[in-house]
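Chemist: The primary structure of each chain is shown beneath.
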Amino acid sequence: MTGQVLYAQLLYGGSGILLVLLGLWSFLVHGPLLRKLIAINLMGAGVFHILVAIGYRGIDTPPDPVPHALVLTGIVVAVSATALALAFGKRLDQDDD
Amino acid sequence: MMIDALPLAVTLPLIGAFAVTVSPLHARGLGLMAAVLTAASALSVTAAVWSDGVLRADLGGWGVPLGIALEADGLSAAFLAMANVVALAVSVYAGGYFKQESARHFWPLWLLLWSALNGLFLAADLFNLYVTLELLGISAAALGALTGTREAVAANLRYLLVGLLGSMSYLLGVALIYAAYGVLDIGLVAEAIEPGPVAWTAMTLMIGGLILKAALFPMHFWLPPAHANAPAPVSAALSALVVKAAFYLALRLWLDVFAPVLNEAAANLLGILGAAAVVWGSWRALRAERLKLLAAYSTVAQMGYLFIAFPLLAATPPGLARDNLLAAVVLLALTHGFAKAGFFLAAGMVQKTAGHDRIDDLGGAAQALPAATFAIGLAGVALIGLPPSGTFLAKWVMLEQAMILGLWWWLIVMMVGTLLAAAYIFRVLSRAFNREPTPYRFVNDARTELPALLLGLIATFGLGIAAQPLWVLLEQGAFG
Amino acid sequence: MSFDTWLPAAIVLSSMIPGMLIFLLREESHRLRTLLNMTGALVKVGLVIWMIGGVYDGQNYETRWTLAPGLDLVLRADALSVLFVALSTLLWLVTTIYAIGYLEHSPNRSRFFGFFSVCVSATVGIALSGNLLTFVIFYEILTLATYPLVAHRGTPDAAHGAKVYLAYTMGGGALLLVGAIWLQALVGPVEFTQGGILGVSPEEIRVELILIFFVLLGGLGVKAALVPLHGWLPQAMVAPAPVSALLHAVAVVKAGAFGIVRVVYDVYGVEFAYANGLLLALGILASVTIIYGSLMALTQDSLKKRLAYSTVSQVSYIALGTSIFGPIATIGGVVHLVHQGLMKITLFFCAGNYAETLGVNKVSEMDGVGRRMPWTSLAFTVGALGMIGVPPVAGFVSKWYLGLGAADAGSNWVIAVLIASSLLNAAYFLPILHRAWFRPAPKQWPQEHRHPGRFEIAGALLWPPVITAALALSAGLFAAAPFTPLEWASLIAEREYGR
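Chains as they are written, first to last, in full-length UniProt numbering: chain A, 1 to 97; chain E, 1 to 480; chain D, 1 to 499.
So here's chain A without its partners, still in its complex pose (with noise of 0.2 Å):
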């Protein structure tokens, strides 16, 4: 049971970070806008996998709520600052015109 458990943990966990690293070193080599945000929410999408596997307890057990609760309001958070982002890049691509 413990092992299931700590192997989707480690699953997901490690699949999150393996995310996190690959937005980090997108985010740093990549010049162009979009790119960067695109790493960016890959960053993001990989620190909620660690946090959903935190807060796995097994097929049977109900899950832990904190973590999704963070979970949630971190995509809210996520998705209102890539909007606002896009929106900056929409008008720079207008000035460019």
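Calculated directly from the structure, the hints in this document are not laboratory data. Just so you know, even glycine gets a beta-carbon here, dropped at the ideal spot from N, CA and C. Just to be clear, a hint being listed does not mean it is correct.
[Claimed, not checked] Ranges of calculated distance between the beta carbons of each label pair, as one might list FRET restraints: (1) T61(A) with A466(E): 39 to 47 Å; (2) H356(E) with S2(D): 55 to 63 Å; (3) G58(D) with N268(E): 47 to 55 Å; (4) F221(E) with I210(D): 58 to 66 Å; (5) A466(E) with I210(D): 32 to 40 Å; (6) E191(D) with P195(E): 41 to 49 Å; (7) L262(E) with P156(D): 53 to 61 Å; (8) E475(E) with G195(D): 33 to 41 Å.
With chain A held as given, fit chains E and D onto it using these hints.
Modeler: Using the frame of chain A, we list chains E and D on its own:
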């Protein structure tokens, strides 16, 4: 009654933001009303902490871990008071600065920022801190781009992205903490935390994210363009408050959460970065061609001074000397908040009159606006760290402690920074002495000049001569 | 909270508050501004007279205000501070009158007189400082308040002079701050105490204390214009004449010299300073400055520059007197604080009058000014003779005591310095007097403004130099009477050495 002021300080500006969005025609009136009420509730929180000690409120009756808890101790009350006085002054100034169209955009974002700021100072758990941090970053970036010019938008886009990166790093640290200890409340985390790789990684991630947002050298690159291209009242709030909030949080975590994990190497690293910021920021400020860019680089330098506090705090054993040192650091942060806001507000006034802010061509504009020039002068005295400003006292205490510890090199760094600051401030002030006789009226536009002057006076005379209450306030809880 | 505890603060505020109000005045409010100026000056004179009486009777006046734990703002009256307070208060009154006359019809007077008042408040604060922290605070405020006065005219010259002035004084201020903080970190809060506080310091910090002395001296030496830190003084001559008078006689250089006296007597203690060779170092520095300043003065054709280098030289008599171990030289040094002030302010007022009335700025243009402006020239002559050390003008008394003190202490080389410098003083002042009185006037003055009244120039410009010249004369003539600078300096020396 007093407990209620805690949530009010966060919700009032939020309600105000909603009201000005619904009724944009009355944006200015409603906004100012919300500003006054918010500042009043925040100051009453500070007064209550002063007289009764630490305050705590669990919103909606939910306890730890799911509820949203607010807490005010001496440290948060001190920052809260500074931030709200500055924000009120900025609001009054903005009431005269923004005309109908831009006012409609300014007020909702500004009140949102204010709410996030108060929330950040009062939040009692690590995740709510993340939410306020993000809200602060988003609203700050939106406000910074308010002029809509290409430079402003580009600079603030960069600011937004960097800010997001910082918050992500912070959030990852929070996730680690929760994974390891299963709690998020600052007090509970502090009890549970143990030295080890998890705590270490979490600290690195969280403090690392915060120094990105606090624009500590060499992560300062985003700050000067973002702050210099924003409208004057927004620059004031960004430079005086928003970066200061990130510093506050770093200090709070350092003192309350990671205290058992700390080591001197980390503290020294922060201090060295701070020293580099002092020298580099001051140097760039000296070379800046525009007044607002100068002020922005000066912020980079001033944030550096604050981080020099970390190695000093780490080297000082707990006790009276450490309390004294911490109070001095807070005094430095608060004084800079007042001074930099006053500086930006006055600079905005000069810019508006002259039609530009190129320092070398300011001449007549500065001489025609005695009140604004005085505000720049008073704020400048505080930025340099000359008496009778709060900065002078704070630097004296910090340097005396550095000498007692035998860490004399911090003294050299801070004196170099002081002299460079004197050079760049007087480069501006020397423009106020011109040959042409100007009709001398002290105040020309009370609504915009008086807030700036008032902030300058608080920084230079208020906190320099009557800072003693801060020491009393900080005895409330902050020292654990 | 009795009046006694607030008297020192009241003396500082009596010029600070009018200064702040003057800033707010509209440019046209001449009468109100003059009223504020004169009220402040007269109230201060009254308060200082009260204080002199009290201190003479051994009364304690102390204002103490806690800035932060361990950091107190202390204003305290002792014999030495009262001497300096009395000097600056009196000369401020006179200079204010002069400045009102001098700046009539010129722009930006609210700004000028505002900073003028702050400047004097800072000087009085320096005089009354009861500890090193307070001294540093007012020392820096003095820098801040004098900068706008030097830059006041707004010409490129003024801007440059102000910049140089600022660079020097900020650097000096930083040194002073470093020294003060370092010292406080070693021995705790440094209260000015008669006889010093370091006599009982442990042996192992001795080297550090000696280092700190030179750091402090570097900080104070800038304002006191000790060579090689004197470069700002001739540059700052671009300021309006009343500002020069203030810089040279009342405020800035005096603040530096006064600080040196304080640090030697009331921080280090004269015995500690003597035993560790600090006095000798100070004496050599002062002597070099005295000779160098005089030599430079010889070569200047600009009258104000010649006076400026003369200041460099003369102010170091104060440091020289301090550096000789023994009460008699102390009297000579301390009394010169006042005497130099009286004489030098007279000379600057006169230089201002020549420039205003005749457009004469150079020594070579001064032929025959004596006949044309007899009152001004008479005052100038008294001041110049005093500087040389001709009896019975006050300068003679200073030099006499310095010489006696040096002989008493067995420092014969100091006597040589005194003689050399007096000869040099004569060499650069006597030709001016010769030109003024014994050479024929030119057909046309460089830029003449005829004054319609009875005298050569308006009363506000005439009476100040006449009064200060008379004071310089009587301070020498009646040196032995009670309450003269000499008597007071003897009181100070007695209290320092006669513990």
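Chemist: Could you run down the list of hints and mark each one as holding or not?
Modeler: Results of checking the hints against the structure:
1. Evaluation of the 39 to 47 Å hint for T61(A) and A466(E) yields a failure: the beta carbon distance comes to about 58 Å.
2. As the Cβ distance of H356(E) to S2(D) is approximately 56 Å, the hint placing it in 55 to 63 Å holds.
3. For the hinted restraint 47 to 55 Å between G58(D) and N268(E), the CB-CB distance of approximately 54 Å keeps it satisfied.
4. In this structure the supplied range 58 to 66 Å is violated for F221(E) paired with I210(D), their Cβ-Cβ distance being about 46 Å.
5. The given range of 32 to 40 Å is respected by A466(E) and I210(D), whose C-beta atoms sit roughly 37 Å from each other.
6. In this structure the supplied range 41 to 49 Å holds for E191(D) paired with P195(E), their Cβ-Cβ distance being about 45 Å.
7. Range check, L262(E) to P156(D): Cβ separation about 54 Å, and the 53 to 61 Å hint holds.
8. Separation of E475(E) from G195(D) is about 38 Å and conforms to the stated range, judged on CB atoms against 33 to 41 Å.
Hint compliance for this structure: hints 1 and 4 are broken, all remaining hints hold.
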